[in-house]
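Q: Letter by letter, the chains look like this.
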Amino acid sequence: MRQGLVLIALLVVGLAGYLALGLELGGLIPNRGGFGLLGDFLGAALRPAFQYEAADGPRDWLPFYQQLLEGLWRTVVFAAAAIGLSIVVGLPLAILASSLVPLWVRIPCRALIAGMRSVHELLWAVVLLAAVGLNSAGAVLALTIPYAGTLAKIFSEMLDEAPREAFRAVRLSGSTRLQAFMGALLPRAAPDMAAYAFYRFECALRSAAVLGFFGYPTIGYYLKLAFESLHFREVWTWLYLMIAMVLVLEAWSSALRKRFVA
Amino acid sequence: MVRPAVRWPDSIFLATSARFAVDQVSLDLGGQPVLREVSLRFDAEQSVAIVGPSGAGKTSLLRLMSGAIFPDVGSVQLDGVSFADSAQNGAALRRMRAQVGFVHQDFALVPNLRVLQNVVSGGFSRRGFWGALRDLVAPRRALQEEVFQLLEHLGIGDKMFQRVDTLSGGQQQRVALARALFQKPRALLADEPVSSVDPTRARALLELLHRVAAERQLPLVVSLHDAELARELFARVIGLREGRVVFDLPASEVDQDRLQALYLLPSSES
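Chains E and Y, in that order, are what the protein sequence lines are. Per our numbering, the first sequence starts with residue 6, numbered consecutively. Per our numbering, the second sequence starts with residue 1041, numbered consecutively.
No wet-lab data here; the hints were simulated from the structure. None of the values given here were measured: they were computed from a predicted structure. Possibly wrong hints are sitting among the right ones.
[Unchecked claim] Simulated restraints on C-beta separations:
#: 1; chain 1: E; residue 1: 257; chain 2: Y; residue 2: 1202; range: 22 to 28 Å
#: 2; chain 1: E; residue 1: 173; chain 2: Y; residue 2: 1300; range: 58 to 64 Å
#: 3; chain 1: Y; residue 1: 1239; chain 2: E; residue 2: 8; range: 21 to 27 Å
#: 4; chain 1: E; residue 1: 260; chain 2: Y; residue 2: 1189; range: 37 to 43 Å
#: 5; chain 1: Y; residue 1: 1151; chain 2: E; residue 2: 257; range: 23 to 29 Å
#: 6; chain 1: E; residue 1: 259; chain 2: Y; residue 2: 1151; range: 19 to 25 Å
#: 7; chain 1: E; residue 1: 8; chain 2: Y; residue 2: 1151; range: 21 to 27 Å
Just so you know, even glycine gets a beta-carbon here, dropped at the ideal spot from N, CA and C.
Just need the whole structure built from these sequences, with the hints factored in.
A: Next up, the structure:
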């Protein structure tokens, strides 16, 4: 009943939005030139490029497959650096935002985490691009701020939800809070935390790829170049590469998850 | 006293056994009276069973004696020092708690850690932060050897490197006992240790508790649901009902009438 009302309310809000924007579905039908472009683009999906489409590219360009590897490598490295830093920053924040610490620590910490999370990594990227220029550290930082915030929030929830009997038992044996946390609570939550961090690594890969649109040398950069030159077959090669990257990571992470959590 | 077949590290024998004094203790939990004017003495090398129907206050009494909770009225003392007084100072309370080994009803182990890591966490009170971290992550050879001897003595030496959640309930209970013993306590408390095992195993487990307690000259205090087992295996039996001590007698003097009176349903439920 309650859920039904929520659904209806959301539909009403959606309709209001539709009217407010004055949307016309007709606008989605391409004009004649558009149809041609769409056809070219979709057709290229079946024949992704294995070398540069333009024979007259600059002479100092890397061979195409090397360019692919380069873009893939940069994407992975950006994502890995960002997720590593996010764990280093996020875990202490998670502890300080959990119910293990007094309220006067927890509340400011949660506010800080909410602040970090509420700005999307692409906005951080724009800000940092303006502030420090096209700089790898800036890109990593742009990813790290919201990712560390998200990890901190989810980690602290995992710490709060992890069963506490062992923690209490170790405390009762005369240990300090910190020792009991380390020996009996953190290990209890660790499998879930590791699995979640791995999932966030997957998200970081997608974000790192998109950061390329701002000029960082990740997959998005080459994707944008190819798109702007209307080299749709190259675009599709990059898209397939990205899909493959995410699929491989997903298979890996679900295998790890099974090992950790089951 | 039976000497252990395995040679214990000498430090284990240095501890002398503890004496508890429970004086006029009353305790309310969540607005409900749990214990009422309970006074008891526990002296060295005694084996005591606390029996009574569920809700009689058995677990609360053990928790008071381990310094997990403090009485509203009266005092619980270990060798003349009140837990509530030492609670003013975190380090003093930790030192007191370290002297009482506690085997929890649900074992309270970390299921996804190895047996070794669970056992060493019982010894944290002797270690600083970094020492404890080292024991968990990269335990020294001597430490591993010490834990192995302890586990071997309890019959599960070969499980040392297994994850706790791969062990049977009885094995997990031995891990919980090993953790409590690794604490090198001066008294051993066990809360309903046989509530989830079959009668044969229950007897074997209680005999094991007696054996290790006797070897180390630790007073053993166990809460039990099964009064028959208590009468048979323990020297002293305390009957608790609705938060009051109904009897406190040598096992031989606990007769059927007393037990019947102890477990009689209250008039409101019969």
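Q: Work down the list of hints and note, for each, if the structure agrees.
A: Hint check results:
Distance hint for residue 257 (chain E) and residue 1202 (chain Y): a CB-CB separation of about 26 Å, consistent with the stated range 22 to 28 Å. The hinted range of 58 to 64 Å is not satisfied by residue 173 (chain E) and residue 1300 (chain Y), whose Cβ atoms lie roughly 36 Å apart. Against the hinted window of 21 to 27 Å, the Cβ-Cβ separation of residue 1239 (chain Y) and residue 8 (chain E) comes to about 50 Å, which falls outside the hint. Between residue 260 (chain E) and residue 1189 (chain Y), the C-beta spacing of about 38 Å keeps the proposed range 37 to 43 Å intact.
Under the hint 23 to 29 Å, the C-beta atoms of residue 1151 (chain Y) and residue 257 (chain E), about 25 Å apart, fit the expected range. About 22 Å separates the C-beta atoms of residue 259 (chain E) and residue 1151 (chain Y), a value consistent with the hinted range of 19 to 25 Å. Range check, residue 8 (chain E) to residue 1151 (chain Y): Cβ separation about 36 Å, and the 21 to 27 Å hint is violated.
Violation of the numbered hints given earlier is confined to hints 2, 3 and 7; the remaining hints are satisfied by the structure.
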